[in-house]
Structures are given as structure tokens and as C-alpha cells.
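> What follows is the residue order along each chain.
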Amino acid sequence: MIEFKNLKKRFGEKIVLDGISHVMETGKTNLIIGASGSGKTVLQKCLVGLIEPDAGEIIYDGVSFTQMTSEEKKKLRQEVGMLFQGSALFDSKTVEENIRFPLDMFTKQSMADKIIRVNEVLERVNLSGTNRKFPSELSGGMKKRVGIARAIVLNPKYLFCDEPNSGLDPQTSMVIDQLIRDLTLEFNITTIINTHDMNSVMEIGDNILFLVDGKKEWYGNSEDIILSKNEKLNRFIFASQFLQDAKNMRMMQSGEGK
Amino acid sequence: MKILSQIGSYALMIKGMFKRPENPKVYWKEFMHQCSDIGIRSLGIVSIISVFIGMVSTFQTAYQLTSPLLSKTVIAQIVRDTVILEFAPTLVCIVLAGVVGSKIASELGNMRVSEQIDALEIMGINTKTYLILPKIAAAILTIPILVIIAMVLGIYGGRLAGSMAGILSVETFDRGLQEGFVPFNVTFALIKAATFAFIISSIPSYYGYNVKGGALEIGRSSTSAVVISCILILLADYILAALLL
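If you read the protein sequences in the order shown, they are chains A and B.
Read in order, the letters of the first sequence correspond to residues 0 to 257 in numbering that gives the first Met the number 0.
Read in order, the letters of the second sequence correspond to residues 0 to 244 in numbering that gives the first Met the number 0.
Keep in mind the hints are simulated off the structure, nothing from the lab.
Built from N, CA and C at the ideal position, the CB exists for glycine as well.
Wrong hints could be hidden among the right ones.
[What the hints assert, rightly or not] The following residues of chain A were derived to be distant from chain B, with all beta-carbon distances above 10 Å:
1) 72
2) 77
3) 84
4) 90
5) 103
6) 130
7) 169
8) 177
9) 223
[What the hints assert, rightly or not] Reference excerpt, derived from the structure (chain B facing chain A, CB under 10 Å, subset only):
10) 113
11) 114
12) 178
[Claimed, not checked] Result set (EDC-like, lysine to aspartate or glutamate): computed pairs, CA atoms no more than 16 Å apart in a straight line:
13) A:92 with A:136
14) B:18 with A:71
15) B:127 with B:29
16) A:113 with A:90
17) A:73 with B:178
18) A:73 with B:117
19) A:72 with B:21
20) A:107 with B:21
21) A:156 with A:24
22) A:74 with B:120
23) A:72 with B:173
24) A:156 with A:53
25) A:44 with B:36
26) A:73 with B:21
27) A:13 with A:53
28) A:156 with A:2
29) A:44 with B:173
30) B:28 with A:53
31) B:28 with A:96
32) B:24 with A:96
33) B:102 with A:2
34) A:7 with A:70
35) A:92 with A:103
36) A:156 with A:78
37) A:72 with B:117
38) B:71 with B:173
39) B:71 with B:178
40) A:7 with A:17
The following block holds chain A by itself, in its conformation from the complex:
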């Protein structure tokens, strides 16, 4: 579980995070949604320690992250996996070397054991046999899956995903969503996802935090969204007529429609 209290961050005059508090639950897919510039990425970067918040506290399973020394933070980060928007794979390394890298750095396993583990996670993300390929030889969806494989190779307790579906077709997006969801349940990980993808919100949103201008505007789950009367949330989620019609239909089915 990751809890953050009264988190504040500003860049110059612009307030990016304005006193946000929330709890990200273990074993659930916690989604951060909001329009561009609402503070999602900054919030996630504060949570992983890439950006220092101006005020507030971040607590990882009861331990204050904000008060940790840099050495303690480094240790905790070995329990954190992150999937970046652009996958952030190391261009000069093969798929196998990319995934093996955290093992090389932080474990004393033999090369044979490391390769067994790499093959395990590659199989888990349905990419067996791609060990010797370079990132430039992979499609966008494959890169994301290699990114996930690298993120989970050390069995993390916390998984952060920044826009995991950006640049992917709807079908591949669903595969990635399902994979993240399955891993979260299988290993009881605290998963935090920044997303714009409404399909993800509806399919895997166990715990959704909606930000507007750096403030917590709404929270709930995917079922609550359908029934929500929050205007800003409705405008954001159901921006298209198609989605609006779908919502109306769902509400009529649940007896809340006009």
C-alpha cells in the first residue's frame, strides 16, 4: 500500500500538485486519470522519488518514503518496477540484456540462473524467443511487454506504469491492460497506472483517482464512474458522444437513467 498525504509541488509560479492525499491499495490496479497537465506524471514521479515534492508525505507500507535517506530510498527502489511511456529500454542492449540488467546489478545469481529467470518473465509476457532481438527490432506493443518483463524481473512489491497504452492499437492495449491486471493479482502488487485510455479505466480501474489542476477531484472504481454525477469527471470520461450513449445505456439498465 502506498499512501500520500497533502502532497504539494510547484514549478515556478505554476502549482502542479495542490495538497493531494490518497491511498493506493495493494493487489489492486490503482489508476490516476486526468487531462494533460493535470499533474498525473508529476504525482507518479514524486511517488517514485524522481521528483522531490515541496510538501507532504509519501508512505510505503507504513514507512515514510519522504524521510528516508538516499541509501534507504535506493534499497526501496529495488522493490519498485516501472513501465515508462516510451518503454525506456536500453537501445544498445538486447531484450535479454535489458531484462537481465537489474539481476546483474542487484543479485549474485549465476549467469545460468539469471537466464532462467529472464526466460520465465519473457514467457510470462508472451515474448519467448525474443532474447537476442534489439529494441529497434520490436513493435510498440512488444517493447511495452519487454518493459513490463524488466519491471517485474526482481519481483517488485510496487509497479508503476506511465501511460502503458500510449501509441498502441486497441487490441494491443487490451492485452497490455490484462497483463498488468493479471500480474497485480498474481503477485499481490500495488500497481499504479497513469492513463488517458478510457477502456483501461473501465476494464481494470479498481481504484481510480481523478485529478483536475493538481487537485483530487474524484475517486472511486469503474462502476462508480458510470453512476457518478461529477460534472468534470463526466466531461473528461465521456467526451465522445459514443461513450456518453454507452453511459446512458448502462444507467438505464441499472435503473438510474431518465
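Model the placement of chain B on the given structure of chain A, informed by the hints.
This is chain B only, laid out in the frame that chain A set:
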């Protein structure tokens, strides 16, 4: 103010490099990789430049020494000393600032923009130690070796040009090389090479590591890194000459 802030940030980057490596084996591998990238891959261009510099030096020295009272061995002495003192360390390092410096700046800049540096940070790796220290250490080790090779090839080029053009015989050139040789000149050239190697690797690392934006900024930072490195090489050249000669 901006310059002061950049100097401060550069100094902090250098200080931040000296942290205990997470796994020395991985760092050693990275260091060897950088030695190959900076040293071996630059060998071709350094060799070509050095041979031609030596050849041109012989022609130009002979052209200017027209007095019949001067022995032809003086040509070899002048070629030797200019190659050892200036051409091999300074000119080669200025070329390396372009070749190696732009590569370091664009490599780190690309890693920054594509979030690869963030990915390393998230893993708990000290990115300054892992990405910058091996580059600087490899440059300080390999560039003086390249400069020694440049000295040898430069003098050989001068000797070759002298005999091919009939300016002076190989025997005369070799005799000239041994006359009035000051071994400290080689030491001085190596001190210069190590200093320039630090500049060539650390300045582009600073510019690349701190890139903000996209592809355009990577190009700009790479150009700035090369320009600043060249200016600092010339400045350091002057300071070292004033202090040590």
C-alpha cells in the same frame, strides 16, 4: 549568473560520480566498453590526422628554413618538438572533442530524453556513477595512449614526407630526432593529454546528462558540448604551458 549556476551544477555532477558502485563487475564491464568506444574507435581518425600533420610539418619547416648555414637535422628537431608538444596532444584532442564529445553528449542526451536515465534511477542505480564515471576514466586512460600513438605516427609521417620529397634523407632525419631531445616534453604532452581527456569526457557528459526537451535539444547540447570543450582545451593548453614550461 547562468554560467555560475552551470559551473556549480557541473561540480555537483563530478562530486556525485564518486559513490560506491552497486556491482563493481557491471561497472568494470562498462569501463572496458567505454575504453573500446573512446579509444579503439578513435584510432583510425587519430592515425590519419597524425601522419598528415607530421608530413605537412616537414614541408612547412623545410620551406621556412632556407638558410644554408642551418643543418637539415634542425627540420627533424622542429617536427619532433612541434608534434610532441602541440600537434599530438592539442590538435588530436580537439578532433577527439568533436568525435568523442558529440558521441557522449548525444548518447546521454538520448538516454535522458527517452527516459532511460529515469529507468536506471528507478532501479536504484546511481546514474552519475554508472554512466559518467566509466566514460571519464576510460578517456583519461585511452586518450594519452592515443596521443603517444599520434606522436609516433606524426614523426613517422614527417620522416616519410622528408625522404619522399627529397628534403632530407631518412638517416639525417633520424639523427635530427636524437639531437637535443628533452624527455620532459613527452611528460608534458601526457599531462596535457590527461587534462584534455577529462575535459573531452566530462563537459559533454554534463551537457548530455542535463538535456531537457527532445531531439532538437540533443543536437544543440551536442554542439555546445563540442564548442565549450574546444575552448576549454585551448584555455587549459595555455595555462599548462604557462605553468609547466
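> If a hint holds in the structure, say so; if it doesn't, say that too.
Hints versus structure:
| no. | hint | verdict |
| --- | --- | --- |
| 1 | 72 | 8 Å, violated |
| 2 | 77 | 5 Å, violated |
| 3 | 84 | 7 Å, violated |
| 4 | 90 | 8 Å, violated |
| 5 | 103 | 5 Å, violated |
| 6 | 130 | 19 Å, holds |
| 7 | 169 | 24 Å, holds |
| 8 | 177 | 23 Å, holds |
| 9 | 223 | 31 Å, holds |
| 10 | 113 | 6 Å, holds |
| 11 | 114 | 4 Å, holds |
| 12 | 178 | 50 Å, violated |
| 13 | A:92 with A:136 | 12 Å, holds |
| 14 | B:18 with A:71 | 15 Å, holds |
| 15 | B:127 with B:29 | 13 Å, holds |
| 16 | A:113 with A:90 | 20 Å, violated |
| 17 | A:73 with B:178 | 60 Å, violated |
| 18 | A:73 with B:117 | 13 Å, holds |
| 19 | A:72 with B:21 | 14 Å, holds |
| 20 | A:107 with B:21 | 11 Å, holds |
| 21 | A:156 with A:24 | 12 Å, holds |
| 22 | A:74 with B:120 | 12 Å, holds |
| 23 | A:72 with B:173 | 63 Å, violated |
| 24 | A:156 with A:53 | 26 Å, violated |
| 25 | A:44 with B:36 | 33 Å, violated |
| 26 | A:73 with B:21 | 10 Å, holds |
| 27 | A:13 with A:53 | 13 Å, holds |
| 28 | A:156 with A:2 | 14 Å, holds |
| 29 | A:44 with B:173 | 65 Å, violated |
| 30 | B:28 with A:53 | 38 Å, violated |
| 31 | B:28 with A:96 | 13 Å, holds |
| 32 | B:24 with A:96 | 15 Å, holds |
| 33 | B:102 with A:2 | 42 Å, violated |
| 34 | A:7 with A:70 | 24 Å, violated |
| 35 | A:92 with A:103 | 13 Å, holds |
| 36 | A:156 with A:78 | 5 Å, holds |
| 37 | A:72 with B:117 | 15 Å, holds |
| 38 | B:71 with B:173 | 11 Å, holds |
| 39 | B:71 with B:178 | 12 Å, holds |
| 40 | A:7 with A:17 | 5 Å, holds |
The structure does not agree with the numbered hints 1, 2, 3, 4, 5, 12, 16, 17, 23, 24, 25, 29, 30, 33 and 34 stated previously, though it agrees with the rest.
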